[in-house]
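As given, the protein sequences belong to chains A and B, one line each in that order. With the first sequence counted from 1, adding 1 to any position gets you the numbering used here. With the second sequence counted from 1, adding 19 to any position gets you the numbering used here.
No wet-lab data here; the hints were simulated from the structure. Treat the hints with caution; some may be incorrect.
Within a straight-line C-alpha distance of at most 25 Å, the following computed BS3-like cross-link-like pairs (lysine-lysine) qualify [to be verified]:
#, chain 1, residue 1, chain 2, residue 2
1, A, Lys72, A, Lys517
2, A, Lys295, A, Lys336
3, B, Lys56, A, Lys246
4, B, Lys93, B, Lys69
5, B, Lys69, A, Lys246
6, A, Lys66, B, Lys56
7, A, Lys710, B, Lys69
8, A, Lys264, B, Lys69
9, B, Lys121, A, Lys250
10, B, Lys69, B, Lys130
11, B, Lys56, B, Lys94
12, A, Lys635, A, Lys678
For clarity, every value in this text was computed on a predicted model and none was experimentally measured.
Each chain, written out:
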Amino acid sequence: MAEEIKNKNDEEFQRPDYFKESEEKITAGNLPWRWEEDGLTVTRTAAWAAPGCHDGCGALVYTDKNGRLVKVEGDEENPFYNGRLCIRCLALPEVEYHPDRLLYPMKRDKADRGKNKWQRISWDEAYDIIETKFNEYKQNFGPESVVFSLGTGRGTSAYMTRLCYSFGSPNYAYFQSGAACYVPRISASMTMMGTYTCPDCSQYFIDRYDNPKWKAPGVIFIWGNNPIISNADGNMGHWIVDCMKRGSKLVVVDPRLTWLAAKADLWLQLRPGTDAALAMAMNDYIIKEKLYDKEFVENFVYGFDEFAERVAQYPVERAAEITWVPQDKIIRAAKMMATKPVSVQWGLALDQTREAINGTLAVAALWCITGNLDIPGGMIPVHHPFNIQVWAPPDPQEMLPPEVCAKRIGGKEYPMYDYGGVVLTQPDLTVDAMLTGIPYEIKAHWIQSTNPIACTAQDAKDRMLAGFLNAEFNVVVDMFMTPTAMACAEIVLPVATFPERDGIREVYYYVQTTNKAMEPVGECKSDMQITYELGKRFNPEAWPGDTLTEFFSYTMKEMGMTFEEVRKENWVYPEYNYGKYLEGKQRPDGIPGFNTPTGKIELYSTLFEEWGMDPLPFFEEPDQSPVSTPEIMKEYPLVLTTGARRWSFFHSEHRQISRLRAIHPDPLVEIHPQTAKELGINEGDWCWIENTMNKVKMRAHLTLGISPKVVNCDHAWWYPERDPEKLYDVFEANVNLLVPATFGRSGFGANCKSLICKVYKA
Amino acid sequence: MSQNGLLINYQFCTGCHTCEVACQMEHKLPVDQWGIKLAEIGPWQISEEKWQYEFVPIPTDQCDLCADRVAKGKKPTCVKHCQSLVMEYGPIEELAQKMAGKPKMVLFAPK
Ligand code: SF4
Ligand code: SF4
Ligand code: SF4
Numbered sequence: 002m003a004e005e006i007k008n009k010n011d012e013e014f015q016r017p018d019y020f021k022e023s024e025e026k027i028t029a030g031n032l033p034w035r036w037e038e039d040g041l042t043v044t045r046t047a048a049w050a051a052p053g054c055h056d057g058c059g060a061l062v063y064t065d066k067n068g069r070l071v072k073v074e075g076d077e078e079n080p081f082y083n084g085r086l087c088i089r090c091l092a093l094p095e096v097e098y099h100p101d102r103l104l105y106p107m108k109r110d111k112a113d114r115g116k117n118k119w120q121r122i123s124w125d126e127a128y129d130i131i132e133t134k135f136n137e138y139k140q141n142f143g144p145e146s147v148v149f150s151l152g153t154g155r156g157t158s159a160y161m162t163r164l165c166y167s168f169g170s171p172n173y174a175y176f177q178s179g180a181a182c183y184v185p186r187i188s189a190s191m192t193m194m195g196t197y198t199c200p201d202c203s204q205y206f207i208d209r210y211d212n213p214k215w216k217a218p219g220v221i222f223i224w225g226n227n228p229i230i231s232n233a234d235g236n237m238g239h240w241i242v243d244c245m246k247r248g249s250k251l252v253v254v255d256p257r258l259t260w261l262a263a264k265a266d267l268w269l270q271l272r273p274g275t276d277a278a279l280a281m282a283m284n285d286y287i288i289k290e291k292l293y294d295k296e297f298v299e300n301f302v303y304g305f306d307e308f309a310e311r312v313a314q315y316p317v318e319r320a321a322e323i324t325w326v327p328q329d330k331i332i333r334a335a336k337m338m339a340t341k342p343v344s345v346q347w348g349l350a351l352d353q354t355r356e357a358i359n360g361t362l363a364v365a366a367l368w369c370i371t372g373n374l375d376i377p378g379g380m381i382p383v384h385h386p387f388n389i390q391v392w393a394p395p396d397p398q399e400m401l402p403p404e405v406c407a408k409r410i411g412g413k414e415y416p417m418y419d420y421g422g423v424v425l426t427q428p429d430l431t432v433d434a435m436l437t438g439i440p441y442e443i444k445a446h447w448i449q450s451t452n453p454i455a456c457t458a459q460d461a462k463d464r465m466l467a468g469f470l471n472a473e474f475n476v477v478v479d480m481f482m483t484p485t486a487m488a489c490a491e492i493v494l495p496v497a498t499f500p501e502r503d504g505i506r507e508v509y510y511y512v513q514t515t516n517k518a519m520e521p522v523g524e525c526k527s528d529m530q531i532t533y534e535l536g537k538r539f540n541p542e543a544w545p546g547d548t549l550t551e552f553f554s555y556t557m558k559e560m561g562m563t564f565e566e567v568r569k570e571n572w573v574y575p576e577y578n579y580g581k582y583l584e585g586k587q588r589p590d591g592i593p594g595f596n597t598p599t600g601k602i603e604l605y606s607t608l609f610e611e612w613g614m615d616p617l618p619f620f621e622e623p624d625q626s627p628v629s630t631p632e633i634m635k636e637y638p639l640v641l642t643t644g645a646r647r648w649s650f651f652h653s654e655h656r657q658i659s660r661l662r663a664i665h666p667d668p669l670v671e672i673h674p675q676t677a678k679e680l681g682i683n684e685g686d687w688c689w690i691e692n693t694m695n696k697v698k699m700r701a702h703l704t705l706g707i708s709p710k711v712v713n714c715d716h717a718w719w720y721p722e723r724d725p726e727k728l729y730d731v732f733e734a735n736v737n738l739l740v741p742a743t744f745g746r747s748g749f750g751a752n753c754k755s756l757i758c759k760v761y762k763a
Numbered sequence: 020m021s022q023n024g025l026l027i028n029y030q031f032c033t034g035c036h037t038c039e040v041a042c043q044m045e046h047k048l049p050v051d052q053w054g055i056k057l058a059e060i061g062p063w064q065i066s067e068e069k070w071q072y073e074f075v076p077i078p079t080d081q082c083d084l085c086a087d088r089v090a091k092g093k094k095p096t097c098v099k100h101c102q103s104l105v106m107e108y109g110p111i112e113e114l115a116q117k118m119a120g121k122p123k124m125v126l127f128a129p130k
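The following block holds chain B by itself, in its conformation from the complex (with noise of 0.2 Å):
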């Protein structure tokens, strides 16, 4: 059996902190454990115009990638309500194929 992963485009994820919280309102986590995270990198001037400048939400050990939702036939929430729509759910297999040659993706397998 595959196993289910996300993979996040983080070239256009702003940090808008929303799967964060979808996630902690879905499974009642207290306002400082996550079950996703982001994590901000930069920013930082790379050259004259280029600035690093980037979030990256990371799933944690309290992501069960929304087992409860999947089984409902439903999205998990940080996927349906990221206001980027940056977040695929899937067999990881399927989206590792999605990665190819398109820059600033990460896939991850939580569990």
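Here chain A stands alone, though its shape is the one from the complex (with noise of 0.2 Å):
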């Protein structure tokens, strides 16, 4: 009920991974954000979604006396990524005016779906129909009965989630199996270590890697992600490079020989989904040989003697049968891993086991023993730059009474979901509830920056398509007609792109406002004026603030600036001192250590034990794969994995931007020679992969840089060039098709990853 939601104050909730900022900022200071320059305007910004992307860097956009977009050149002045751009944001003026952009909002009828019957309405009305629909299913069905979605973590998650609670609904869902990306990462290691953690590649410091206090990696493990193209946690995969220059050292573990594999000191060519056997036989060998950091470990660690008996279940002659890695290679790997200063930049793979939680926990278990945490190129702990809420989401407990967040799906179930600042619904849950309205019937869903029958979700038509169609009502929100909206919308709202909008930029490290250099195309609104306006009809209090910029002030609060003060300095970072859990600045208490119950890295999860849940990680074999299901291997014999990132796209985006298009044009599935020779397959051939659930087509490329044994595939493919009410054949090419919905024991991960089938000629 609207009248109960409240924002709490500080002193009545602290956020648990809360701790204090130091006093003091760093900023750029005097450079202007905006000027003239041969007759163009250039405005300083920081990129962001939209179009979607983790990193926003600093970019300079160009617009002419039109207020037309002209270029967007990197910004040399911003210490994030000094002046280097990727191929996305250089392609943006092709975003900004192309064709297919969402100019309008339009309307639907609901007996018209996967029809492209389009009706352009006012913002007006579409709010309306928004506001009268999603209150009728809260007075009948409980505000929980319409769920809001957002795709991947970027800058609007903070306020699609506050205004699903400014509805009043506690049900934010991501739509992955599991979760399976990035949230068991987060879950696992705040269990663990009560923090997060990134490697450091001196990204909290302003002069960068000239800073004295900061040291380059010895050794940087690159651990089941391709940072270079991904750019995980925020962090961009080129200052990988810039450490290599500056003489760290790389160990690669990835199935696929990928650039960094190639240039890697050691490259550990693992079967999939076998990294939480490869970590545990690692912590094995430095445990027995005694390379661990004794003090580190004595004062710190809580559980190392069980946690060293349940790693010795994995010698590393066993792991090596488990992992196909060869024996010597893992002893060096974790010779390697014994030294200091190691980094770990790791990565979905992790997540996209069934079990992710286990690989996780194991692989963090080998920066922690070996003392690699919270030391100049070791393991940072990062958290929001003052606590400022921007890219995290607001715990529901903040603005939702207790009755209604104990609603949330999946949260009483998985408690690990509870923790920790994971505010999502537990994802199969969810689509559980939308088939079968149970535990209660979903009425109605906000769909927002996010495409899931094309990219995120698990058995994406028989359980995603099903699930939304099932509802009656649905809103997507997005720059670009899409196979989910196409399918299943009444009402889409049209976008703005980063250079058409304020806002602030925040992943970790620093914060930075996102400069308006231009008019909007179209009617289209940014994601935070569409929730601020819609949300305040909803709940004007969980919007402070008379305008959208003032609201931005509000969840900037601990910080003490105000919207405009942070656009005048550019980009303000907090100070960063190494050693925190010394000197009790790692809890809110102020004792040494880590926010964990033991105040100690809990190698033996406590939690975990209160939980009912196995204390110690565990390997388990994926539900499908050479040992697990040898007589299907007859039929599908090949290990599938999925998901592999491109230059060119984020995620199902940019499918449509022909000069990012042209560079990979087709989704494509990649072959050892040898293998596609026994198949019969030549360089780019058309081929099914099918597995026991279904079958995608794509384009053969045949590459030294996979193991014969495996086959890897593309992700989040469909065709805007193709038919709209075939839904752009989003059903012929996206691999989630191949993959269940099945999920672990601890209401995280998928086997996304690690999969078995067959190929062959289409």
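Two chains, two frames, some hints: make the complex.
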């Protein structure tokens, strides 16, 4: 009920990851944020969605005297990326003026779902319809009957969750089985270490690599990702290259020969889905050979003996059999891990096994027992600078009464979802509720900047799409028409690009404003503006301030600066100090140690024990694999891994941007030449990739950079150029049709990267 | 007068396509024409743990060394945006000196 929703102030409510920032603020000083150059106006800004991206590089937006976008360049003053840009920001003018961009709010009859029959409406009419419908469901079925969903994290997260809570629903959803992207790593880290950590590439310092306190990591482990393309954690992958130039060695754990793997001192080409076994064996070797940091373990690690006993079940010999990585390479990797300083850039592959939490815990244990935590060049704890609420969603408990919070789907069943700032619903139980009405019926969806049937959702057709079609009313907020919107929406709302809006950029490290450089095309509005305007209708109290800019200032209140003040300083860094846990700066109570129940790094998790879970990490075979299902390997002889990232695309976005598409025109399946030869497949042939669930069609790319026993598929494909009423052939190309919607015991994890399949010419 | 060129340290070129697209945008080239184009060499296996896998960007006849930008005192756009910071612009004599003793350097003198 609306009148019960309040913003509790800071004294009443403390986030679990809350810790005080030093008062000191390090800023860009006197740089202008706008100027004239050769008859063009230049606006210094921070990129970020829309279109999508995790990072928010410093960009200069050039506009002409008619207010048209001319070009985007990198901002050389900006310490985050020093003027560099990737091709997605460089190609932005093509996104901006693309003929397919959504320009106006539109509506469609429910009876016409799937048909290209849209009618232009005004923003007021759109808001009126949404407000009326949502309130109707709220009255008759409770606010929890409306689910608000977002895709991958970015500038929109905090706004659409606030919209969700200001409407009164606790159901903020991200539709990937087991939330198997990033969230498992966050949740496992928070449970084990009381914090999340990232490799130290000097990103906390405004003077970056020149800062005298910083040291380049001696070794960087790249574990289960290709960061130069995917830029996980808001970390720029090319920082790894910067560190390589400064002497960092690389160990790459990846089934594929990425460019980084080819340059690495050591490449561990493991079998997909066996990361946990590899990490356990490395822990075992380090412990048995007494290579760990005894002082750190003695003072700051809980449950070391139990952990040592558990990992002893995975001696190097056994792990070599499981992982396909030769013993000597595992030992060399363990020895390199047991040096200082070591950083680990980990990624999605760890989340995308069904028992994801375990691989994550075992890998994190490696940098903990070797004492690589919060030292220069090691793993540095991160949090949101000045506790601003820009990327991280507000906690539902700040805005919703406890009995409403308790209705969040999956919160009760999976305590890890209730801990450590994870505020999502459990995705699979959410889709179950959409399909079955248990525990309650889902009547409507707010789907903002996400395209689940093309991208995130497993079993995309039979579960995700069916779930959306079961609802009575769906709203999609996006820049382009998507398969999801075409399939199920009654209303679509058009979103502005980052040059068309104000905003705040914050993915750890520092704060910068996004500065509007031009008027939006058509009647587009920013994600922030849309949620602010609609949110105010539901509950004005949840959106303090009379303007969006005042609201921005509110979200930065702990910084003690207004939006305009931050804009003048361009970027604002908190002061960074290493070894915070030694001084009590890693816990709200000021006691040295970590923010866990025991105050130590919990290799044996007291919380897991309390929740009835295995307190120690373990390895589990993928559900279908050469080991677990040898009998069906005759029919499906290849291990299938999915989700490779490409330079051109951010998930399902950018397929219609011709310059980016030209670089990667088709979905690819990577096959070893020897395997391809046996199958009679040549480079460029269209192939079917088929498993026990379904089949999808992709073009073959032959490469020696993959094991003959493994194939690798692109993710999130659809064809914007094809028939909208066939949903742009999304079900011909979306590899998630081959991924079952199953998840781990913790409620997290999914087997997206360790499946089996057969491949044949189409 | 000394001629200018592009020095590329391809030891660290990741094949990110940034130089290609930066150049296309600056010079308003169609999607199938380039002022600079990546060559991919590999991957193939040389020995147990050694792989050949390299990218080298090669300027084309449409590269004018960003004459307009350079006249305004700016860097060529490929050089400025290169994500690995492996490109350098300048007089070829100076660039040639920087190659000495370094692995995997190429010097292009377009025009
Ligand atoms: S990573 Fe690429 S798309 Fe993202 S902000 Fe940086 S340049 Fe732009
Ligand atoms: S110098 Fe300029 S014209 Fe030449 S390749 Fe680079 S961007 Fe293109
Ligand atoms: S921009 Fe730099 S790293 Fe990227 S492809 Fe070109 S030369 Fe290589």
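Please verify whether Lys72/A and Lys517/A have alpha carbons no more than 25 Å apart.
With a Cα-Cα distance of about 14 Å, the restraint between Lys72/A and Lys517/A holds, given a limit of 25 Å.
Agreement of Lys56/B and Lys94/B with the hint, judged by alpha carbon distance not exceeding 25 Å:
holds, 19 Å
So if I understand the rule, the pair passes when the alpha-carbon distance is 25 Å or less; does Lys93/B with Lys69/B pass?
violated, 39 Å
Does the alpha-carbon distance linking Lys635/A and Lys678/A stay inside the 25 Å limit?
The given pair, whose Cα atoms are some 18 Å apart, holds under the 25 Å limit.
Is the hinted pair Lys295/A and Lys336/A satisfied, with a Cα-Cα distance of at most 25 Å?
holds, 16 Å
Pairwise hint evaluation, Lys246/A against Lys69/B, where the allowed Cα distance is 25 Å at most
holds, 19 Å
Restraint check for Lys710/A with Lys69/B, where alpha carbons must lie at most 25 Å apart
holds, 21 Å
Under the criterion that the straight-line Cα-Cα distance not exceed 25 Å, is the pair Lys69/B, Lys130/B satisfied?
Since the Cα atoms of Lys69/B and Lys130/B sit roughly 36 Å apart, the hinted pair is violated (cutoff 25 Å).
Between the alpha carbons of Lys66/A and Lys56/B, is the straight-line distance 25 Å or under?
violated, 33 Å
Does Lys250/A lie within 25 Å of Lys121/B when you go C-alpha to C-alpha?
holds, 19 Å
Given pair status - Lys246/A, Lys56/B, alpha carbons within 25 Å:
holds, 24 Å
For the pair supplied as a hint, Lys264/A and Lys69/B, confirm whether the alpha-carbon distance does not exceed 25 Å.
Given that 25 Å is the threshold and the Cα spacing comes to 9 Å, the pair holds.
In summary, the structure is inconsistent with hints 4, 6 and 10 from the numbered list given earlier, while agreeing with the others.
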